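*Asks:* Listed here are the chains, written in short residue letters.
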Amino acid sequence: MAVTEENPGYKWVGTRPIRPDGLEKVTGKARFGADLVLPGMLYGKVVRSPHAHARILSIDTSAAESMEGVKAVITGDDFPDLAANGAHPSDVDVANNTIARDKVLYEGHVVAAVAAITREQAEAAAKAVEVTYEVLPHVLTVDEAMADDAPLLHEGMITKGVDPAPEEPSNIASKILHERGDLEQGFGEADAVVEREFTTKPVHQGYIEPHAAVADSNSDGRANIWCSSQGHFQMRAYTATVLGVSPGTLKVTAAEIGGGFGGKTVIYLEPLAVRPSQRAGRPVKLVMDRDEVFRATGPTSGTRIKVKMGVSKDGKITAAEVWMAYEAGAFAGSPVGAAGMTAIACYDIPNFVVEGYDVVCNKPRVAAYRAPGAPMAAFAVESVLDELARNIEMYAIDIRLANAAVEGTQAAYGPKFPRIGFVETLEAIKDHPNYTTELGPNQGRGVAAGFWFNAGMMSSATVHVNENGTATVVTGSPDIGGSRQSMALMAAEELGIPYESIKPVVADTETVGFNDVTGGSRVTLATGAAVVDACRLIVEDLRARAAKTWDVELDQVEWVDGQAQHVEGAQPPLSLNDLAAKSGRTGGPISANASLNSRGVGAGFSTQLCDVEVDPETGVTRIVRYLTAQDAGRAISPDYVEGQMQGGVVQGIGWALNEEYIHDTEGVMENPSFLDYRMPVASDLPMIDCSIVEVPNPAHPYGVRGVGEVGIVPPMAAVGNAIHDAVNVRMTELPMSPVKVLEALNAHDE
Amino acid sequence: MPRTHITTVINGDETEFLTEDGTSLLNALRDEVGLTGAKEGCGTGDCGACSILVDDRVTCSCLMFAPEADGTTILTVEGLADSGDLHPLQQCFLEGAALQCGICTPGFLMAAKALLDKNPDPTETEIRYALAGNLCRCTGYDKIIRAVQEAALEMRGK
Amino acid sequence: MKYVAPSSVEEATSLLSASPSAQVFAGATDVVPQLRAGRPAPELLVDLKKIEELVSLKSDDNKWTVGAATPTAYLTEDEAFSHEFPGLSEAAGLIGSDQIQNRSSLGGNLCNASPAADSVPAMVVNGVRAVVAGPSGTRVLDVSEVVTGPGQTSLDDDEFIVEFEIDNMPARSGDAYLRMIPRTEMDIAVVGAGARVTLADDGSIEQAALALAAVAPTVIRIPDAEDALVGTTADDATLDAVAAAASEACDPIDDKRGTVAYRKQVAGVLAKRAVLIAIERAEQRNGTN
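Protein chains in written order, with this note's numbering: chain R, 1 to 750; chain H, 751 to 908; chain D, 909 to 1197.
Relax, there's no trap hidden among the hints.
Cross-link-like lysine-lysine pairs, in silico, DSBU-like; alpha carbons within 30 angstroms at most:
hint, chain 1, residue 1, chain 2, residue 2
1, R, 127, D, 910
2, H, 868, D, 966
3, R, 127, D, 1164
4, D, 1164, R, 306
5, R, 740, D, 1172
6, D, 958, H, 868
7, H, 868, D, 971
8, D, 957, H, 868
Facing chain D, according to a computed beta carbon distance under 10 angstroms, are these residues of chain H, among others:
hint, residue
9, 754
10, 771
11, 795
12, 796
13, 804
14, 807
15, 813
16, 815
17, 816
18, 818
19, 857
20, 860
21, 865
22, 868
23, 883
24, 885
In case anyone wonders, no lab produced these hints; they're calculated from the structure.
The model shown is predicted, which means the values in this text are computed figures rather than measured ones.
Ideal placement from N, C-alpha and C gives every residue a C-beta, glycine not left out.
All chains should be modelled from the sequences, with the hints used to inform the complete structure.
*Replies:* Listed below in structure tokens is the structure:
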């Protein structure tokens, strides 16, 4: 592990104990979304559109309603018409994506839902719902959607971000633009210029747990919801919006969540479980099948990206021009905004134009996926940079070092970077033995870098000291990959008591203050800061109690190693245990709350080194060796920091080599299964070597930056650059499947 | 439709349940027996989250019809620990941080147990191929492979 | 759907004759995903695994007999079988994960009638025979006669395969199976190639068999490639001819798993590679069988 900051001698932060929720998860006791069973519970099933684009002429539910065991059938008409009520357009989109009203906009779009006594009855009833459609022409890609005579998904969509606003509607929801300097002058100063066009396909987050929700409604309109999500407060807000009720009428409890990667920050099932539960007066469980997960949730955007960059002989980037179009799926909101901000953020570039378009098409509405928008842009930019380095005969790492953003660099998207660790990740790669390991025949080595902002947002925490001096740390951030451990480690450090004495809890929406979603690499940063704040309030309270007990001034008491000590040693120390046992005599229960808007994010950088071997006769690429270096700021929980780094890399490798949405000409997904979607399996991979770089974020009490996302940004370019190094073909299309690589090799030979 | 009566031994206990014939063993275990440790990730045998041992062989319980279980001996993740003492695989998964979200963990543990029962000293490649039927989207497999190696070492030492 | 598990071939055939909508199955590793994908449910699910002959693996001086529902894991775990037919054992071992291997069977892999079935080219080159039971007794078919098209077999609705017979591998012979998949596991073959050769005393090829999967509606033999090999030592020119013949014989489709051009090109590559492995194995068994 590369440590670039002096170790401040923490007792718990940076250690590798067993996670607090581990035992339940290795013994099968942990309750995930689909595991809850309530007395009298009904099983639900959703009815989905078989068409990519169609008008709903009629829905006949009578046959389904009369079937044995069926207790409720609902359609879009059973929900308030938010558009007619003048709701915010983004809320209208959430509602219309949850269940279609007039038109279906993608294959898999929900049109109805049923609830019945048994699973089989629900499935039979769902098949009996008769929907009459008028099939409409559809568009599947940005090219089709942006064509002049393209059929429109939303008749009223006027492109935002264009001045003056266009008069005619289109499928372009918005335009973004970032520019600086003089592009023409920049390219004029260049000694080498490379221009390339790239395409990528939609890919799915691929969490192993399908979406699941259980709702239990009362006759007074209140409802309890259990669901696996990345943020039960967010689920409450969205569900209340779709149902047209006050959020306070809904209580949402977070089930354990079986992976999300951004894809569980949005709602799909919750309102569709609540409404039938209200009708039937019984709990309703809805669980998606895998093919529903593929057809109707996630994915992230397919894209087309053009990049032109120029460098001088000494490797300085003189100009960059980036044009990008991102599929949003059925409703506005692709991550093209973040893509535009991140595309060239690693580098200090004097002249650039970055232009992007958010384009709707007849595919499922895109959802966040790990550093949303950044990986595709990085694939394009980092591939072009690789080619430029070759053209001027410079090492790939060195061209990045020559242009790397550092503290004070004005980021392409606006602000000046505070202290960041990009250069340190580049140096960590250079220092690693993988960098100089000899390559075999048909093997190649590629480098790529990535940037992600990391999010802050709002978090709350409550800390209770129990009567025996242990503590319960309550947050509202679902633990998706070990965050309970990082909360417990920071609380142990602050309170000075053993990690094992801390019990971290993820509480429901009525038990703890508001928390934004578990996403944006924000939980250890922001919820962690709330935990630290609450612990510090506890320590202040404990010092005050000790001062009162000793009848001394507060400044005579310090908190060291989990006990109150008199600064001059005039009193025997009082441990947390002592103070907790006597809390009734010193002011009552010891408890503190902290809620905050994050005080400052710490940008994350990752540099990765990939070795591949390409079979020149079949086009198959195997990953031989892989190294990732990432600035964590501070690794509170190194085990789970490495886990995030490795997991992000492997998702990126899947994206690079095999994963893609395949649609037929009718807009029907052809590969909605793990068999044909082809995520990486264990035998596809080597160990993923990690180098944790620690350049602390000055805005966090422990220097945390957040680590969840940036690891997925470099892999596609790292793999593509390695393929080029191995067999001398430049891959510009994802996935770089055997078919595509062999085509490129054949074209190269001709 | 009349339901079929099934008698099995599950995690050491004789267990009876009723099921519709077309129901998967996975759904029968989860809904009728109340053992929710095995998970459905795909329902088509592609992810391994539902892995259990049937007569000592690892199988996807989503691909078995529940009536096929009649007369068999089944081990699920809930039966892996020996009256509270964790199996070395469970302990090594915990110590090696071989899980993030944990949804795939029961399936990995059962597949890894089947491997180590058959091959106590597998190579890294053998482990990777033996676990290729189990998808994990969080970890990149690195720490899972290491945990299985560690458990194998420990079990050979006993 | 009603589940039945007959304990004899006769009981099974009479159940099938009596029920117009019955589905026989062994491991159900294809049946369950097909039902989930919306295939109409049969009235009767007939589990063949309780019939003794169908789950067995035995050999005598002349041949091996493999029960049609025998889990493929039994084949790959059997050292003698895997030594005798390494290519067939490896092909059987490629059908899915360990979890699938404990359920999947040669009979199921064949009768599912997928053009991409891994075990079929290896069975074809080894001249495997299928013993088929029906209401009027049993008949024996060459494995290559069973599948007639995607999802189609020459078996009647009340027939099923009881077991496979495989003559022992002759001296100086070897088999091999290779498939191309984008990942390393858990995929359907984009191209599969099975080969078997028998060498003459002088080391030249006396007999050759080559079969390809996933490049035509059914698994196909490549007679031109076989003819090209016989009498040679598989020098580079011969192997190029084998590859060309293999590519030429392909009649594949463009689908989500591969393109026509890719399949044709890679069929040639795998054909060549499979032949070389078969030759190497034949040389190793030279006189020692």
